[in-house]
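Visitor: Just need the whole structure built from these sequences, with the hints factored in.
Keeping their order, the protein sequence lines are chains B and X. So in the numbering used here, spot 254 of the first sequence is number 254, and the numbers just go up one at a time. So in the numbering used here, spot 310 of the second sequence is number 310, and the numbers just go up one at a time.
Calculated from the structure, these hints are not laboratory results. Just so it is clear, the structure is predicted and the values come from calculations on it, not from any experiment. Any given hint could turn out to be false.
What the hints assert, rightly or not - DSS-like mimics (lysine-lysine), calculated; alpha carbons at most 27 angstroms apart, straight line: (1) B/259 <-> X/309; (2) X/296 <-> X/309; (3) B/259 <-> X/370; (4) X/451 <-> X/309; (5) X/296 <-> B/259; (6) X/370 <-> X/114; (7) X/296 <-> X/370; (8) X/370 <-> X/309; (9) X/451 <-> X/296; (10) B/183 <-> X/309; (11) X/451 <-> B/183; (12) X/114 <-> X/451.
Stated by the list, open to error - Coverage of chain X stretches by chain B, computed from C-beta distances (three or more under 8 angstroms per stretch; other residues unrestricted): (13) 82-96; (14) 320-326; (15) 330-339.
Claimed, not checked - Some chain X residues flagged as far from chain B (calculated, every beta-carbon gap over 10 angstroms): (16) 14; (17) 351; (18) 380.
For every residue, glycine included, the Cβ atom is placed at its ideal position computed from N, Cα and C.
What follows is the residue order along each chain.
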Amino acid sequence: MKDKALPNLDRERAGVTGPWRAVAFALAIVGVAVLTLTEQAGGVETDARQRFWAAYLVNFGFYLSLSLGALFFVALQHLVRAGWSVGVRRLAELVAANLIWMGLLFLPILFSGRTFLYSWMDPSVVAGDKLLEWKEPYLNVPFFTARAVGYFVVWGLLAWFFLRQSSRQDASGDPALTRRMEKLAPGTLLLFALTVTFAAFDWFMSLEPHWFSTIYGVYYFAGAIVGAVAVLVLLAAAMQAGGWIHGAITVEHYHELGKLLLGFVVFWGYIAFSQYMLIWYANIPEESVWYLARQSGPWLWCSVALLVGNLFVPFLGLLPREVKRRRITLGAWAVWLLVFHWLDLYWLVMPTFSPASLPFGWPEAGCLVGMGCLFAAGIVHLAARRALAPVGDPRMNESLAYENLG
Amino acid sequence: MVSIPIDDNTNQDPTRRAPLVLGKADFETVTETVCRIAERPGAPVAWYVAFGISATLTVGLFAAIGWLIMTGIGVLGNNSPVFWGWPIVNFVFWVGIGHAGTLISAILFLFRQKWRTSINRFAEAMTIFAVMCAGIFPAVHVGRIWLVYWLAPYPNQMGMWPNFRSPLLWDVLAISTYATVSALFWYLGMIPDLATLRDRATTRLRRFAYGLFALGWQGSSGQWHRFEWAYLLLAALATPLVVSVHSVVSFDFAVAQLPGWHTTIFPPYFVAGAIFSGCAMVITLAVPARAYFGLKSLITIRHLDNMNKLILGTSLLVGYAYGIELFTAWYGGNMYEAFAFANRAGGPLAWVYWLMVSCNVIIPQLFWFKRCRTTPWIMVVVALLVNVGMWMERFVIIVSSLGRDFLPSSWGAFRPTMIDVMMFVGSFGLFLTCFLLFCRFLPMVAMAEVKGVLPHGEEKEGEGATDEH
Chain B
1 MKDKALPNLD RERAGVTGPW RAVAFALAIV GVAVLTLTEQ AGGVETDARQ
51 RFWAAYLVNF GFYLSLSLGA LFFVALQHLV RAGWSVGVRR LAELVAANLI
101 WMGLLFLPIL FSGRTFLYSW MDPSVVAGDK LLEWKEPYLN VPFFTARAVG
151 YFVVWGLLAW FFLRQSSRQD ASGDPALTRR MEKLAPGTLL LFALTVTFAA
201 FDWFMSLEPH WFSTIYGVYY FAGAIVGAVA VLVLLAAAMQ AGGWIHGAIT
251 VEHYHELGKL LLGFVVFWGY IAFSQYMLIW YANIPEESVW YLARQSGPWL
301 WCSVALLVGN LFVPFLGLLP REVKRRRITL GAWAVWLLVF HWLDLYWLVM
351 PTFSPASLPF GWPEAGCLVG MGCLFAAGIV HLAARRALAP VGDPRMNESL
401 AYENLG
Chain X
1 MVSIPIDDNT NQDPTRRAPL VLGKADFETV TETVCRIAER PGAPVAWYVA
51 FGISATLTVG LFAAIGWLIM TGIGVLGNNS PVFWGWPIVN FVFWVGIGHA
101 GTLISAILFL FRQKWRTSIN RFAEAMTIFA VMCAGIFPAV HVGRIWLVYW
151 LAPYPNQMGM WPNFRSPLLW DVLAISTYAT VSALFWYLGM IPDLATLRDR
201 ATTRLRRFAY GLFALGWQGS SGQWHRFEWA YLLLAALATP LVVSVHSVVS
251 FDFAVAQLPG WHTTIFPPYF VAGAIFSGCA MVITLAVPAR AYFGLKSLIT
301 IRHLDNMNKL ILGTSLLVGY AYGIELFTAW YGGNMYEAFA FANRAGGPLA
351 WVYWLMVSCN VIIPQLFWFK RCRTTPWIMV VVALLVNVGM WMERFVIIVS
401 SLGRDFLPSS WGAFRPTMID VMMFVGSFGL FLTCFLLFCR FLPMVAMAEV
451 KGVLPHGEEK EGEGATDEH
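Guide: Dropping the structure here:
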């Protein structure tokens with residue numbers, strides 16, 4: 001270890017103080033109000049209701065992916081026993097722990113929205129459709145519900161476990177807690193892979209119940225991890241700018257997060273290309289129909305925008321070293337990538353409901369803002385009265401002393 | 001002779017990092033330990049025995065290839081409907097083996113996994129020899145091998161170009177790029193060590209030979225500066241290749257409409273399988289090599305433990321792909337796809353399928369237990385079985401899908417011939433011959449890099465190099 005003075009962590013040790021629980025409560029109220037208003041404003045016609053629920057699903061998928069990506073990030077750091085990332089890990093733990101409430105956001109879909117979203121839930125659609133009849137052992141409402149409950153239980157327990165153990169360590173500094181988290185990391189990732197895959201199949205792939213793609217789960221994951229790292233960058237920058245985090249996060253951590261962002265952007269591109277190229281090349285109608293919808297009319301421009309905006313441009317933009325080492329430039333790219341990650345979810349869901357136009361109006365914006373308030377409320381609530389960096393982690397000094405050489 | 005005491009560095013104490021190199025680890029010991037293998041006057045008897053066997057098998061390989069060229073493709077088992085038989089199975093198998101070397105040398109370098117320094121050199125060597133073995137098969141099975149240069153796109157007076165939309169052409173480009181970059185990377189990294197061997201050489205011939213390839217390396221700070229930049233850049237260039245090469249190989253299958261071949265998860269699934277089999281081959285070679293050449297203090301149990309974790313992780317990824325493929329074969333509701341998997345699991349080649357599942361998914365689960373990850377004989381057994389399983393996987397993919405496709409009237413079985421067997425076994429001969437020559441004449445461990453992770457005398461006594469960062 002180099003003999004340089006390590007940054008001061010007094011600010012982080014003191015933890016977050018102030019009436020933040022009240023702020024979280026207020027945010028939650030606003031969020032619920034905005035969502036309710038958005039739902040009511042649309043009226044009762046089937047088209048309007050369907051549009052609301054499609055917008056709801058897009059945004060649910062978006063915020064859910066951020067928390068799932070964060071859970072992956074936390075478990076991965078423990079799996080590889082990373083030292084550099086300790087300074088930013090608490091933020092990821094907080095974002096991931098939002099999963100304990102994410103199930104509540106799914107309840108409206110389960111109780112009300114599902115009939116507008118999933119055509120296979122309509123017995124009159126299934127009757128006579130050989131494929132849907134064939135798929136009934138999997139695509140049926142009770143099993144769909146049971147699976148969703150299972151996913152949320154698994155995610156909530158895992159995310160809560162990591163936040164709780166890590167928070168306990170703030171006070172005790174007990175290395176045994178690190179060992180405990182490391183022991184659970186491989187199993188977490190195993191469960192994560194299975195649950196995320198089937199959740200993506202259930203909630204997004206089954207919107208087109210005839211269609212299938214084996215890489216679909218990986219595709220959803222690839223977008224999720226880009227979104228999660230982008231959120232980490234923004235949270236770190238905001239918390240530091242606001243004085244909540246002082247020394248725990250250094251310029252080196254931003255540089256590392258920027259590299260991860262670049263790497264996962266390419267990974268998303270690789271997965272998206274694998275899916276598209278193989279379906280385009282073989283040109284089998286049962287598969288290519290999905291891309292045909294996304295290449296027809298205005299959706300073509302959405303597809304092209306996704307390719308350029310979510311892969312080519314950020315790839316070039318994130319290459320320079322200085323871009324990744326400056327909070328403002330890296331933050332700007334994080335915002336950019338979140339916008340396009342949202343567009344990715346939009347592109348996955350919307351063509352089913354709106355084949356000839358790209359709807360964006362009150363339903364989409366209302367769900368984005370309303371759910372965003374709830375998402376923020378969850379993080380603020382979890383962060384209140386907690387340290388924003390794992391100050392008791394035995395590898396904290398390693399993270400503080402960490403430097404990028406190349 | 002220098003002997004280095006062995007102790008345990010597999011602890012996982014979060015408050016400190018375990019040492020990477022064990023025993024009395026100073027610069028001189030590292031140089032002595034590695035160089036004496038290449039400098040020892042006669043090789044040990046066992047080396048000659050192994051070399052004799054593998055060289056004989058290599059002769060068998062080239063004899064079989066000669067017979068193939070003189071007679072024609074009919075000497076192989078390839079026939080309607082299984083036009084891709086063992087040669088392509090072997091090709092995919094060997095390309096896959098190579099991937100662990102590039103992963104260790106490039107990706108782990110970018111991830112600053114300093115434990116890679118002890119094993120990267122021979123893993124890279126393994127990559128190059130594996131790619132050599134792989135390249136032979138598609139080349140000789142094209143039929144008129146004297147026209148094999150038609151595969152390359154070049155301006156010619158016939159105005160004839162290969163089909164740029166064909167993955168077979170992408171393969172040619174991917175594999176040749178991969179071979180070139182891997183060889184450059186391997187050679188570049190070896191230059192400082194070749195200079196060490198040159199400086200220690202006691203005969204004129206050795207000084208000349210090592211001196212020629214050391215390219216006048218003096219170890220000046222200017223040279224080191226450029227060397228490290230070049231190494232970093234090559235690592236960044238080689239990283240996409242780890243993913244792209246086997247993705248392109250997977251396209252050979254997945255772009256087709258054949259049930260069992262056409263599925264979108266193929267590219268990442270093939271990459272995971274490639275790294276899986278490659279890591280298993282690293283274990284297969286590293287365990288005997290470290291025991292035989294006295295490298296236990298440099299290639300420690302911790303290194304093997306880490307490799308075994310990689311094997312477990314990639315085994316789970318491969319298992320995930322098998323599972324999702326099976327699920328989708330049912331969920332998709334396509335009767336041909338469903339039949340392809342029912343045929344694999346219950347058809348005439350079911351035993352190969354279940355052998356594959358056992359070797360690739362079930363047996364590697366042993367690596368959840370630390371005892372299995374740290375006991376050399378257990379890991380060698382598992383690694384060998386993984387290699388068997390991964391060969392079987394390619395056999396299952398190729399032969400079961402081609403043998404029974406859409407029309408039952410066009411079904412057929414595949415039976416390998418003696419030439420198939422000779423070429424397959426012979427490719428192992430070629431691989432091992434090259435590897436044995438490498439062990440004998442070149443620095444098996446990247447001395448200069450290992451020295452970079454040693455403590456520089458500042459640390460307190462007893463603290464070794466650590467894999468911090």
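Visitor: Would you mind marking each hint as holding or not holding in the structure?
Guide: To see whether the hints hold, each was checked on the structure:
no.	hint	result
1	B/259 <-> X/309	holds, 24 angstroms
2	X/296 <-> X/309	holds, 19 angstroms
3	B/259 <-> X/370	violated, 32 angstroms
4	X/451 <-> X/309	holds, 25 angstroms
5	X/296 <-> B/259	violated, 35 angstroms
6	X/370 <-> X/114	holds, 21 angstroms
7	X/296 <-> X/370	holds, 19 angstroms
8	X/370 <-> X/309	holds, 10 angstroms
9	X/451 <-> X/296	holds, 16 angstroms
10	B/183 <-> X/309	holds, 13 angstroms
11	X/451 <-> B/183	violated, 32 angstroms
12	X/114 <-> X/451	holds, 11 angstroms
13	82-96	violated (count 0)
14	320-326	holds (count 4)
15	330-339	holds (count 4)
16	14	violated, 4 angstroms
17	351	holds, 25 angstroms
18	380	holds, 23 angstroms
Consistency with the previously given hints fails for numbers 3, 5, 11, 13 and 16, ordered from lowest to highest.
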